[in-house]
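S.K.: Sequence:
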Amino acid sequence: MSHEQYAGVIKSLHECMEACNHCYTSCLQEEDLKHMAECVRLDRECADICSEFEKALTLGTQFVKEYAQLCVAACRACGDECAKHDHDHCQKCADACRKCADECEKLIA
Numbered sequence: 001m002s003h004e005q006y007a008g009v010i011k012s013l014h015e016c017m018e019a020c021n022h023c024y025t026s027c028l029q030e031e032d033l034k035h036m037a038e039c040v041r042l043d044r045e046c047a048d049i050c051s052e053f054e055k056a057l058t059l060g061t062q063f064v065k066e067y068a069q070l071c072v073a074a075c076r077a078c079g080d081e082c083a084k085h086d087h088d089h090c091q092k093c094a095d096a097c098r099k100c101a102d103e104c105e106k107l108i109a
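Per full-length UniProt numbering, residue 1 is the first one in the sequence shown, and the count goes up by one each step.
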């Protein structure tokens, strides 16, 4: 199967990975780092999962649904955590995570 059919998902995965990486880096600069620990952890994990799924789609993986399920779970968890924080980078990350989860859910049905 050609990865072109997944262009929208790939775009969302990439944008989510970028938002998570930015949030991760920005959270590390916050004063109360202990308060941001779970956000940092989920940012890193979500970025890695999105990046891996993006790569797998471009390589024509046969495990689309399995990757999509994992990505939805990671994006929802990260988005929920980021939404708890008022920082602009967290809010942007939460939005990107939600969008990516929504796109990935379309692949599961």
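To be clear, the hints were calculated from the coordinates, so they are not data collected in a lab.
Keep in mind that the hints are not guaranteed to be accurate.
[To be verified] Simulated crosslink set (DSS-like; lysine-lysine; CA at most 27 Å straight-line): (1) Lys34 to Lys106; (2) Lys34 to Lys84; (3) Lys11 to Lys84; (4) Lys99 to Lys55.
S.K.: Now tell me if each hint is right for this structure.
M.R.: Going down the list of hints, with the structure as the test:
A C-alpha spacing of about 36 Å is found between Lys34 and Lys106, which places the hinted pair above 27 Å, so the restraint is violated. Between the alpha carbons of Lys34 and Lys84 the distance comes to roughly 14 Å, so the proposed pair stays at or under 27 Å and holds. A threshold of 27 Å between alpha carbons decides the hint, and for Lys11 with Lys84 the separation of about 25 Å falls inside it, so the pair holds. Proximity of Lys99 to Lys55 is assessed by CA-CA distance (about 19 Å); at most 27 Å being required, the pair is judged to hold.
Hint 1 alone, counting from the list given before, is not met by this structure.
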